[in-house]
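Novice: Here is how the chains run, residue by residue.
Number of protein chains: 4
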Amino acid sequence: MSKWAVFLSPYQQAVEELKVKFKSLRDQYRRASKHTPIEFVTGRVKPITSVQEKARRKNIALDKLETEMQDIAGVRIVCQFVTDIDTIVNMLRERDDITVISERDYIKERKASGYRSYHMVIDYPVHTVEGTKHILVEIQVRTMAMNFWATIEHTLNYKYSGEIPQHIKRRLVRAAEAAYNLDEEMSKIQDEVREAQTIITKRQEENRGTYK
Amino acid sequence: MSKWAVFLSPYQQAVEELKVKFKSLRDQYRRASKHTPIEFVTGRVKPITSVQEKARRKNIALDKLETEMQDIAGVRIVCQFVTDIDTIVNMLRERDDITVISERDYIKERKASGYRSYHMVIDYPVHTVEGTKHILVEIQVRTMAMNFWATIEHTLNYKYSGEIPQHIKRRLVRAAEAAYNLDEEMSKIQDEVREAQTIITKRQEENRGTYK
Amino acid sequence: MSKWAVFLSPYQQAVEELKVKFKSLRDQYRRASKHTPIEFVTGRVKPITSVQEKARRKNIALDKLETEMQDIAGVRIVCQFVTDIDTIVNMLRERDDITVISERDYIKERKASGYRSYHMVIDYPVHTVEGTKHILVEIQVRTMAMNFWATIEHTLNYKYSGEIPQHIKRRLVRAAEAAYNLDEEMSKIQDEVREAQTIITKRQEENRGTYK
Amino acid sequence: MSKWAVFLSPYQQAVEELKVKFKSLRDQYRRASKHTPIEFVTGRVKPITSVQEKARRKNIALDKLETEMQDIAGVRIVCQFVTDIDTIVNMLRERDDITVISERDYIKERKASGYRSYHMVIDYPVHTVEGTKHILVEIQVRTMAMNFWATIEHTLNYKYSGEIPQHIKRRLVRAAEAAYNLDEEMSKIQDEVREAQTIITKRQEENRGTYK
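Residue numbers (this note's numbering), protein chains in the order written: chain A, 48 to 259; chain B, 48 to 259; chain C, 48 to 259; chain D, 48 to 259.
It is worth saying that the hints were derived from the structure and are not from the lab. Hints may be right or wrong, so weigh each one.
Since the list gives no way to pick one copy over another, a pair counts as held whenever it fits inside one copy or between any two copies.
Okay, derived cross-link-like pairs now, BS3-like style, lysine-lysine, Cα gap no bigger than 27 Å in a straight line [said to hold, decoys possible]:
{"no.": "1", "residue 1": "Lys180", "residue 2": "Lys81"}
{"no.": "2", "residue 1": "Lys105", "residue 2": "Lys81"}
{"no.": "3", "residue 1": "Lys70", "residue 2": "Lys101"}
{"no.": "4", "residue 1": "Lys235", "residue 2": "Lys158"}
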């Protein structure tokens, strides 16, 4: 077992625990027959080679990774409506098992590429074999449309090592607009949907008939 | 344990087995460093009360459910691009562990509501405690944008018991158009993305860094 | 959704979180190439009818369940060797995300039935939609042999509503002795095994070849 | 992605599918309120280095692995009682989605080391991206006591590269006898337990209160 695997182990633990915690919240909303702001939750630990490559690129000393590289552990919360994002962000700020370190709102201030998402960096304590350890975790909150687009953009960014050709960038911006329009249209029927979901969740909970 | 639970048990088994089989295909595409037409797979068994209600509504005798109600077991395959749908449909037609009974193309012939998806009904044999049993399963194939829209429409349809008011219907149609536009824009960068995904999947596979 | 389901929801959350936390510890031991005192972890929430029946039998008012019924949430940690139990108990006492409320050592003081296990009741805070909530969880620590026997005894106890006939009780005591002997024999080769496991785990970790 | 990973991919798929299928059977027994012969199911794919090492040792050409190495894919079915093993073996012989290639009864003919288990090699077809592929899978059927012992013996065998010292071998044989005695004692209360389990499973199924 390499030193890297031992180093990354508590990050993996943090991601697993947070995924369970956020999924529990989603289930509680459903049981309480409320609209759930959490549609699904995913997570990942940055691969060793990516950690090394980013450390080189950002000039981060390897013994400073724990404090200076903030996205080694990543958790993504995906929701239906843009307004769900605020609900989630407020909820995260109020929990006492995590401490919010910083926030970036790429929805109000969209990136030039078209990227939209709300980012938070939190401090999360995990209990390891050697005792308590504080881990930085990046939490990304986005709608399903933002997520669809971001997945595609990530793929292309990776392919071109960050240097996407102009004609593809333009296409991406157009796709980002289409994703934005989908979010806008969804917002308009959101109040109808929220009210409906409360009723449905109530019936479904008795029935357990949702796709999963 | 009610008779209903015993009746639904092989349907649950069919859904579980098919989910594992389709997820294996996705992983194989990734390992072979190819673009995977399968983004994610979900499934559900229709709740008892819904089966009963639909049997009443469609006038299906309870002893004919196995042959006449075709969506008691449902599996949904969600993909990135519209053209992935053809790939999946062809792949399903060629497997010899399932038999395709019927197909409906709601993408070429979109419903008035705006609904788009490709539907197949298959016959799938499961091995139960009492021997082999043939189960009908409805498979829905759609893009992420179609899926987002359909989730919302399902919620509203349920709320209004199929009688969605005109002004909400109109909003839904506009949202369906926004979803369609997103699919169109994505199609235009699809070749770029496919090629990129092959490269990425290759690197990621070594690294296991995808959100999941 | 019944009031009971809402009442039990944070108990389910506590069980899920603790299972993830204890499984993480097991994985960390393996990654650090040490003998892991945790072989597997299971959990359950007491079914509603059992909670009601026990409340009646023990004369517990329903509004005092949270403090007076201590096994609504249960987590079981199963290990290979009797000495692993001490390791686990000490580890639980030192964590600061849980508070140990009480302990019962049914290994030193085996029950007349033959039952052996180490029991702890802990206070565990969960973060729900309505804020932080303190939950009592019973943790049972046992070897695989103790667990095998206890499963069988539980089944019989349930059948005879706690009044197992004398001739079966005698058989159970003999089976408990056989389980005890297996633990004794295993203890004798334990140092050999521990040392070996360190080596194996190291190799397997690179290989991921364990049955699971 | 190495050639080895591509080679092992359908073996992984076979293991996943068979685990789901055997777990479904267990759930069906429970729902039908019968004693289930299947307590739990695990599986693994042999790690690449072990495949290579065994090929060298057994003198198997790498292009003959598919037919001559029969335990690349392994599935283990663990049960409560020795007589459950027969039930499982008969059930496997009758399924038409698998073909039994060979059987070895190490329970009637226990190994000198003390090892007991029932082994079957089956042919199982998986549907891959390139079409149907026939995979050999070794299925091991054992009681919980046999499984506990075998785990320990495997650890030691590995440590000493198959050359366990005489004094440890003697201890292992004594532990195997203790495991055998536990199985014997359990057999004696088995009819009581089976009958009881039918009742319990019935009640638990309504309640979902089992540890898992």
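Novice: Now tell me if each hint is right for this structure.
Specialist: Status of the hints after comparison with the structure:
Within a single copy, Lys180 and Lys81 get their C-alpha atoms only as close as 35 Å, which misses the 27 Å cut-off; across copies the closest is 19 Å, which meets it. In this assembly of identical chains, Lys105 and Lys81 lie within 27 Å of each other by CA distance neither inside one copy nor across copies; the values are 44 Å within and 31 Å between. For a Cα distance limit of 27 Å, the shortest separation of Lys70 from Lys101 qualifies neither inside one copy, at 30 Å, nor across copies, at 30 Å. In the homo-oligomer, the alpha carbons of Lys235 and Lys158 lie at most 27 Å apart both inside one protomer (24 Å) and across protomers (21 Å), since each shortest distance falls under that limit.
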